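Peer 1: Here the protein sequences come in this chain order: A and B. Counting from 1, one number per residue, gives the positions in the first sequence under the working numbering. Counting from 1, one number per residue, gives the positions in the second sequence under the working numbering.
What the hints contain is simulated information worked out from the structure, not anything from laboratory work. Every clue listed holds true.
Identical copies look the same in the list; a pair holds intra-copy or inter-copy alike.
Calculated pairs, DSS-like style, for lysine-lysine (alpha carbon to alpha carbon, straight line, at most 25 Å):
#1 Lys291 / Lys211
#2 Lys280 / Lys306
#3 Lys291 / Lys301
#4 Lys257 / Lys188
#5 Lys85 / Lys145
#6 Lys97 / Lys55
#7 Lys144 / Lys291
#8 Lys211 / Lys85
#9 Lys144 / Lys85
#10 Lys60 / Lys97
Note that this is a predicted model, so its numbers are computed, not measured.
2 protein chains.
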Amino acid sequence: MRRAERLRERRIIEIIQEHLDQMPRMPVPFGDDVSACELAGGNLVVLKTDMLVDKTDVPKCMSLWQAARKAIVMNISDFAAKGVKPIAMLVSLGLPKNLTEKDIEEIGEGLNAGAREYGAYVIGGDTGESSDLVVAISLFGMAKKNKLMLRRGAESGDIVAVTGVFGKTSAGLKILVENLETPEEIKKALVEAVLMPHARLKEGLALCETKAVSAAIDSSDGLAWSLHEIARASEVGISIESLPIARETERFAVVNKLDAAALVLHGGEEYELVLTVKPKLWRKAEKAVEKTGGKLLRIGKVTTEKSVLLETAGKRIPILREGYEHFKN
Amino acid sequence: MRRAERLRERRIIEIIQEHLDQMPRMPVPFGDDVSACELAGGNLVVLKTDMLVDKTDVPKCMSLWQAARKAIVMNISDFAAKGVKPIAMLVSLGLPKNLTEKDIEEIGEGLNAGAREYGAYVIGGDTGESSDLVVAISLFGMAKKNKLMLRRGAESGDIVAVTGVFGKTSAGLKILVENLETPEEIKKALVEAVLMPHARLKEGLALCETKAVSAAIDSSDGLAWSLHEIARASEVGISIESLPIARETERFAVVNKLDAAALVLHGGEEYELVLTVKPKLWRKAEKAVEKTGGKLLRIGKVTTEKSVLLETAGKRIPILREGYEHFKN
Chain A
1 MRRAERLRER
11 RIIEIIQEHL
21 DQMPRMPVPF
31 GDDVSACELA
41 GGNLVVLKTD
51 MLVDKTDVPK
61 CMSLWQAARK
71 AIVMNISDFA
81 AKGVKPIAML
91 VSLGLPKNLT
101 EKDIEEIGEG
111 LNAGAREYGA
121 YVIGGDTGES
131 SDLVVAISLF
141 GMAKKNKLML
151 RRGAESGDIV
161 AVTGVFGKTS
171 AGLKILVENL
181 ETPEEIKKAL
191 VEAVLMPHAR
201 LKEGLALCET
211 KAVSAAIDSS
221 DGLAWSLHEI
231 ARASEVGISI
241 ESLPIARETE
251 RFAVVNKLDA
261 AALVLHGGEE
271 YELVLTVKPK
281 LWRKAEKAVE
291 KTGGKLLRIG
301 KVTTEKSVLL
311 ETAGKRIPIL
321 REGYEHFKN
Chain B
1 MRRAERLRER
11 RIIEIIQEHL
21 DQMPRMPVPF
31 GDDVSACELA
41 GGNLVVLKTD
51 MLVDKTDVPK
61 CMSLWQAARK
71 AIVMNISDFA
81 AKGVKPIAML
91 VSLGLPKNLT
101 EKDIEEIGEG
111 LNAGAREYGA
121 YVIGGDTGES
131 SDLVVAISLF
141 GMAKKNKLML
151 RRGAESGDIV
161 AVTGVFGKTS
171 AGLKILVENL
181 ETPEEIKKAL
191 VEAVLMPHAR
201 LKEGLALCET
211 KAVSAAIDSS
221 DGLAWSLHEI
231 ARASEVGISI
241 ESLPIARETE
251 RFAVVNKLDA
261 AALVLHGGEE
271 YELVLTVKPK
281 LWRKAEKAVE
291 KTGGKLLRIG
301 KVTTEKSVLL
311 ETAGKRIPIL
321 REGYEHFKN
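Next comes chain A alone, as it looks inside the complex:
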């Protein structure tokens, strides 16, 4: 999604929110990755809805199967960031008139594949006609109130970490949408990152068990945005010391004379987790992620300053919440 639209989206959410009566005793603040209601015994019903619309979220070469699966991955990723196991989901489908029965089958298969990949089931839904292909997922899971990882909670001195390298989807989108040049040996990895995203569910669930995480968010709106969100919600600053650049993205940036840092920070549609970890429990967190087959990368630290900075080669460069002009050559 283009940045102007993303900004507009934030403003729209603000306006809507201003007109809503707030539910008493909301266990998760409005605007976090998921919503929740409290049951007896500190149990939470956790809910998430996120809508995929083909014209903004689906590049032309993505199949219907991949689009349907992606709609689910988007939602699972938010559960992963909170450490919540998805149980079941409903699907609201808006379908353009010209879709064939074969197309609908492909969508059904993609939905089922996405749900089963993460151990969840599609248990209901609704469909209607619309101009765009619209796939709105409502995801449901259960959690313990005192275990949920929120955007708020980061403290000065905590380690900032991510579950993987960044920049593959932004490079992949430039290949798919803008037809930029790519050496064949890295093309597949970059395009695959766009077409077949994966949610870090195993990592999120394992990290939640360690109680080492003080704040967490997924990176679907870009690494820079995620860092700013943790900083805002936790009322802290963040200093990034080492950018988690994908090897393929570094190469792609050189070939196309692009700023690799911009691709890493201001991408989006990338489903890694961005976390802050208590230093004393770092090793425990690292091990928990390793056990799932993943890797926890330390990229910086939480500070008391109210800013998000990149500290590199002795310079301190502000990381903007939006836009990557700052890093352009």
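Mind docking chain B on chain A? Use the hints.
Peer 2: Chain B in isolation, oriented as in the chain A frame:
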């Protein structure tokens, strides 16, 4: 929504369903008004999603406030039919680019009004750009497994009942969409039925408490469709003895030389409850609804024949699942 589209919608749901792995121990069968997951102690998490798309669900003269509110009423009505109290909901909004901040405010107010009218809260959501206005609601509530009213369960001899008269929305839509003639003194009631629908939540909750109801559904797809759904899910037949015709619809039909029975049976977007009631508990059910300020109307009985019939003036006329050609002059 036009009937051809409604039929296509059913086929689409069938195709999707064929491709889904079924969750083990589903407490509510796929295709009922709501979906559910079982927690410990016979408690159910009840979920519903239904999507409003302006081009099929919103007549031109309906305001954004009314459209947003209607999206919620549609979902609440399904909870009402199952006897489930709504607690909270998420909203996925697809918004056309040309909407102003004032428009968004109106949508926010309409959402809040709809939710609060039924004692629920909007606790989260998501927004994106789309060609149509899309309002997808994910509704959440809790229920006891042994109390939920399902589409299946009707038995031969049970009384078929509804919570109100029918035909106002189909007449109202003919006024709004086809510009049909209407005497002024009935116009307001017919148009209001379309623009400001109400869900029979109080009635549904009260009926659920009586344990008098053997099967239930809401009438959003039309009275005929609802009767067929109960008959299909319960493996019974239904015989209608008295059509619940709204006074205004009767008048409207005379003025425009239309078949009032068709307006009553094959309307839709009408949010009454259609129920079957155990004869011994009829009085209890009737009283429970009266206590909420409503009225339970007896319209027929459940039979062992596998057909849905209208018995009128000694004749037995099949009620079609779709289409009203049969009742045309």
